[in-house]
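Sequences are here, hints too, so could you generate the full structure?
Chains as they are written, first to last, in my numbering: chain S, 29 to 359; chain W, 43 to 402.
Honestly, I wouldn't trust all of these hints.
Only part of the chain W face toward chain S is listed, based on derived beta-carbon distances under 7 Å [to be verified]:
id	residue
1	231
2	233
3	262
4	263
5	266
6	270
7	290
8	291
9	292
10	295
11	334
12	338
A short list of chain W residues far from chain S (calculated; beta carbon distances all over 10 Å) [stated by the list, open to error]:
id	residue
13	61
14	220
15	247
16	277
Taking lysine-lysine pairs in the DSBU-like style, the calculated list, with each CA pair at most 30 Å apart, reads [stated by the list, open to error]:
id	chain 1	residue 1	chain 2	residue 2
17	S	205	S	120
18	S	205	S	234
19	S	205	S	140
20	W	327	S	233
21	S	354	W	270
22	W	127	W	278
To be clear, the hints were calculated from the coordinates, so they are not data collected in a lab. Virtual Cβ for every residue (Gly too), placed ideally from N, Cα, C.
The chain contents come next:
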Amino acid sequence: MANEAILKTVNLKKYFPVGAGFNPFRSDGQRYVHAVDDVSLSIPRGNTVAVVGESGCGKSTLARTVILLTEPTSGEVYFDGKRIDGARANPKEVYRNMQMVFQDPDSSLDPKMAITRSIGEPLRELMNYSDAEIKSIVRESLLSVGLPPDFERFPRQLSGGQKQRVAIARAISTHPKLVILDEPTSALDASVQAQILTLLVELQKKFDLSYMLITHNIAVAKYLADTVAVMYSGKVVEYGPTLTVIDRPRHPYTMALIRSAPIPDPWNRNLLQTEIRGEVPSAINPPSGCRFNPRCPYAEAICSQQTPTLEEISPSHFVACHFTDKTADVT
Amino acid sequence: MKMTLLDIDDLTIRYSTGHDTITAVDSVSLEVGENEFLGVVGESGCGKSTLGLSIIGLLPPNSQVQGSMIYKETNLAKLDQNAMKRYRGTEIAMIFQEPLTSLNPVYRVEDQIAEAVVVRKIRKESGEKVTGEIMQKVYKTKGIHIPSRVPSLRRRISQELRDEVTHWLNLVRIADPEQVLERYPFELSGGMRQRVMIAMALSQEPALLIADEPTTALDVTTQAQVLKLMREPMDKVNTSIILVTHDLAVASQVADRVVVMYAGQIAEDAEVHDFFSRPMHPYAKALLNCIPNGTKNDSTLSAIPGSVPDMMNPHHGCQFAPRCPHVMDKCNMTQPGLIADQKNHKVACFLYDNPASDLI
Numbered sequence: 029m030a031n032e033a034i035l036k037t038v039n040l041k042k043y044f045p046v047g048a049g050f051n052p053f054r055s056d057g058q059r060y061v062h063a064v065d066d067v068s069l070s071i072p073r074g075n076t077v078a079v080v081g082e083s084g085c086g087k088s089t090l091a092r093t094v095i096l097l098t099e100p101t102s103g104e105v106y107f108d109g110k111r112i113d114g115a116r117a118n119p120k121e122v123y124r125n126m127q128m129v130f131q132d133p134d135s136s137l138d139p140k141m142a143i144t145r146s147i148g149e150p151l152r153e154l155m156n157y158s159d160a161e162i163k164s165i166v167r168e169s170l171l172s173v174g175l176p177p178d179f180e181r182f183p184r185q186l187s188g189g190q191k192q193r194v195a196i197a198r199a200i201s202t203h204p205k206l207v208i209l210d211e212p213t214s215a216l217d218a219s220v221q222a223q224i225l226t227l228l229v230e231l232q233k234k235f236d237l238s239y240m241l242i243t244h245n246i247a248v249a250k251y252l253a254d255t256v257a258v259m260y261s262g263k264v265v266e267y268g269p270t271l272t273v274i275d276r277p278r279h280p281y282t283m284a285l286i287r288s289a290p291i292p293d294p295w296n297r298n299l300l301q302t303e304i305r306g307e308v309p310s311a312i313n314p315p316s317g318c319r320f321n322p323r324c325p326y327a328e329a330i331c332s333q334q335t336p337t338l339e340e341i342s343p344s345h346f347v348a349c350h351f352t353d354k355t356a357d358v359t
Numbered sequence: 043m044k045m046t047l048l049d050i051d052d053l054t055i056r057y058s059t060g061h062d063t064i065t066a067v068d069s070v071s072l073e074v075g076e077n078e079f080l081g082v083v084g085e086s087g088c089g090k091s092t093l094g095l096s097i098i099g100l101l102p103p104n105s106q107v108q109g110s111m112i113y114k115e116t117n118l119a120k121l122d123q124n125a126m127k128r129y130r131g132t133e134i135a136m137i138f139q140e141p142l143t144s145l146n147p148v149y150r151v152e153d154q155i156a157e158a159v160v161v162r163k164i165r166k167e168s169g170e171k172v173t174g175e176i177m178q179k180v181y182k183t184k185g186i187h188i189p190s191r192v193p194s195l196r197r198r199i200s201q202e203l204r205d206e207v208t209h210w211l212n213l214v215r216i217a218d219p220e221q222v223l224e225r226y227p228f229e230l231s232g233g234m235r236q237r238v239m240i241a242m243a244l245s246q247e248p249a250l251l252i253a254d255e256p257t258t259a260l261d262v263t264t265q266a267q268v269l270k271l272m273r274e275p276m277d278k279v280n281t282s283i284i285l286v287t288h289d290l291a292v293a294s295q296v297a298d299r300v301v302v303m304y305a306g307q308i309a310e311d312a313e314v315h316d317f318f319s320r321p322m323h324p325y326a327k328a329l330l331n332c333i334p335n336g337t338k339n340d341s342t343l344s345a346i347p348g349s350v351p352d353m354m355n356p357h358h359g360c361q362f363a364p365r366c367p368h369v370m371d372k373c374n375m376t377q378p379g380l381i382a383d384q385k386n387h388k389v390a391c392f393l394y395d396n397p398a399s400d401l402i
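Structure below.
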């Protein structure tokens with residue numbers, strides 16, 4: 029199974045140093061933002077793994093570390109069986125097979141570049157194609173994302189949904205094996221979101237893509253993903269098959285997160301029943317023990333002393349909580 | 043039937059830009075009852091924010107308003123800016139999407155809420171017009187006027203006022219209000235800022251609160267807390283709320299009634315349970331089908347083909363006709379008006395024109 033994974037991270041950590049300010053009397057030394065703290069994930073070939081969490085939980089940093097936009101503090105990243113973190117791999121070679129779609133197409137597309145040029149950019153940079161070949165691949169990519177093949181426009185002339193389609197066309201132009209989707213639909217309206225989600229499923233089948241989906245939207249994760257990893261304050265707190273995690277969550281944070289997600293059902297006003305208090309803790313000085321303990325309704329003394337590790341509570345369903353037996357009764 | 047608080051009748055709002063005019067809100071008629079939670083739902087560009095801004099009189103100068111908005115026997119559409127001041131803030135309050143741009147960055151939370159409280163007192167209790175430097179009034183109210191060279195000491199509000207501010211912060215469940223009082227907006231998290239905005243709006247005890255996408259910039263757990271906060275004190279303060287949102291799911295969770303807007307017009311207007319059990323307008327149905335509800339293996343998302351009409355050149359007839367699966371010849375020629383059934387479920391669609399229609 030292990031060599032089946034297209035992407036694997038082992039104990040990946042990313043800490044950002046923060047300035048100590050101007051206080052010369054500070055004695056606690058260098059401080060760090062613990063953005064990603066000991067994350068081990070693997071994405072099986074052809075599958076979609078969603079990383080779900082709220083802002084500041086480290087999900088975007090995880091994606092950026094995986095795709096070599098930042099260097100990990102420690103830990104290992106394997107792509108297609110080869111270790112790629114640090115200076116171990118040629119980024120050009122990695123990017124041929126791993127591409128990313130960002131949240132906001134307005135800032136990820138060059139406003140002064142015609143979109144056909146934008147889409148051809150990875151081909152020019154990463155592969156040795158002739159101009160004619162590039163042109164035909166660009167046409168093909170545009171067709172696959174549902175845009176006319178001779179679409180000679182600038183980003184400003186397009187609607188939000190069309191821009192995101194262009195960003196996706198650019199990501200798939202090199203026929204990558206893995207595409208990282210960082211909040212691909214959160215800047216879009218509901219009807220456009222549905223179009224993009226359908227497109228992503230279609231492309232996955234057509235090109236046998238694997239996706240790493242970064243999102244805060246549970247419904248989107250449920251729709252696209254085969255596996256869900258829930259992150260809280262830099263750590264994965266729950267990990268397992270999508271339907272298990274979403275329908276029978278066992279970590280108190282996942283339970284609160286899912287109950288807080290609005291569903292279009294006025295008979296079941298779960299949102300008004302949420303009891304979660306407080307907000308995501310500071311990643312500079314995270315709470316000791318389980319990071320969720322100050323907000324957790326089940327917290328006991330042990331939770332602030334010992335950090336729970338991910339335990340397999342049922343086949344391929346991992347939860348990092350001391351009291352999974354208590355949470356079992358609730359769901 | 044609840045008493046009507048705000049009665050909007052045939053409201054049309056146009057923006058003029060250079061040589062063109064854009065109709066942002068097109069003959070909208072709508073009633074808001076007392077103590078009612080109304081959800082106005084639509085995609086970007088459908089005119090929902092313009093509608094909210096027009097009620098509180100904050101439209102930009104290049105706009106023209108036609109029609110009437112009767113609020114407690116006053117037509118808000120006809121008021122000039124000066125007369126509007128008597129309502130804005132005090133009677134009708136508003137919460138915006140981005141709290142950082144609506145809070146004043148140079149005043150502490152305490153001072154900003156105190157200002158709102160003082161203004162309310164001056165207006166409501168003594169019926170005076172508020173003029174001049176309001177913050178100076180805040181620092182001087184019945185106050186301990188400390189003649190001090192230390193600015194932070196001079197800027198002290200009276201204990202009485204402080205207690206009232208704390209009361210409002212408690213109402214929006216801010217933990218440790220005594221500490222939050224001393225902070226500046228940049229020191230607060232997004233959820234806290236939005237709560238401060240809500241506290242400030244509620245402190246006016248407004249009869250009508252307009253919330254324009256108040257939770258769009260927030261995380262889901264914070265969103266849940268904020269929505270709960272808006273819903274809970276409604277009865278205590280006896281407020282009606284208009285929640286403007288792009289998210290049908292959010293509206294279904296908190297609203298009593300849902301209004302769906304499309305291209306500046308009302309497509310459907312119904313009680314929330316009635317709406318979700320039998321949506322009538324093809325657009326409303328399509329919008330509901332766009333919400334992912336299941337996995338890629340066991341459900342299909344039906345995206346709406348095409349895109350939102352260009353408001354510069356609106357479609358002749360029903361605005362949704364070019365994207366509608368049930369389009370008829372009539373739809374491309376005339377605009378359907380809102381028709382109501384026995385349950386006061388209103389819809390603007392020719393499919394329901396004929397009472398014998400079996401589509402319902």
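Hints and how they fare:
1. 231: Where the cut-off is 7 Å and the nearest Cβ of chain S is about 6 Å from residue 231 of chain W, the hint holds.
2. 233: 6 Å, holds
3. 262: With Cβ-Cβ at 5 Å, under 7 Å, it holds.
4. 263: This hint holds: residue 263 of chain W lies near chain S, its Cβ roughly 5 Å from the closest one there, short of 7 Å.
5. 266: 4 Å, holds
6. 270: 5 Å, holds
7. 290: Because about 5 Å separates residue 290 of chain W from the closest Cβ in chain S, which is inside the 7 Å limit, the hint holds.
8. 291: Interface hint status for residue 291 of chain W: holds (4 Å vs cutoff 7 Å).
9. 292: Holds: closest Cβ of chain S sits about 5 Å from residue 292 of chain W, inside 7 Å.
10. 295: 4 Å, holds
11. 334: Since chain S brings a Cβ to about 4 Å from residue 334 of chain W, closer than 7 Å, the hint holds.
12. 338: 5 Å, holds
13. 61: Correct as stated: the minimum Cβ-Cβ distance to chain S is 20 Å, above 10 Å.
14. 220: The claim holds: residue 220 of chain W sits with its nearest Cβ about 17 Å from chain S, beyond 10 Å.
15. 247: 22 Å, holds
16. 277: For residue 277 of chain W, whose nearest Cβ neighbour in chain S is about 14 Å away, the distance exceeds 10 Å, so it holds.
17. S:205 / S:120: 14 Å, holds
18. S:205 / S:234: 12 Å, holds
19. S:205 / S:140: 29 Å, holds
20. W:327 / S:233: Cα-Cα ~28 Å, so holds.
21. S:354 / W:270: 26 Å, holds
22. W:127 / W:278: Given pair residue 127 of chain W, residue 278 of chain W holds - Cα atoms ~25 Å apart, limit 30 Å.
Checked against the numbered hints given earlier, the structure satisfies every one of them.
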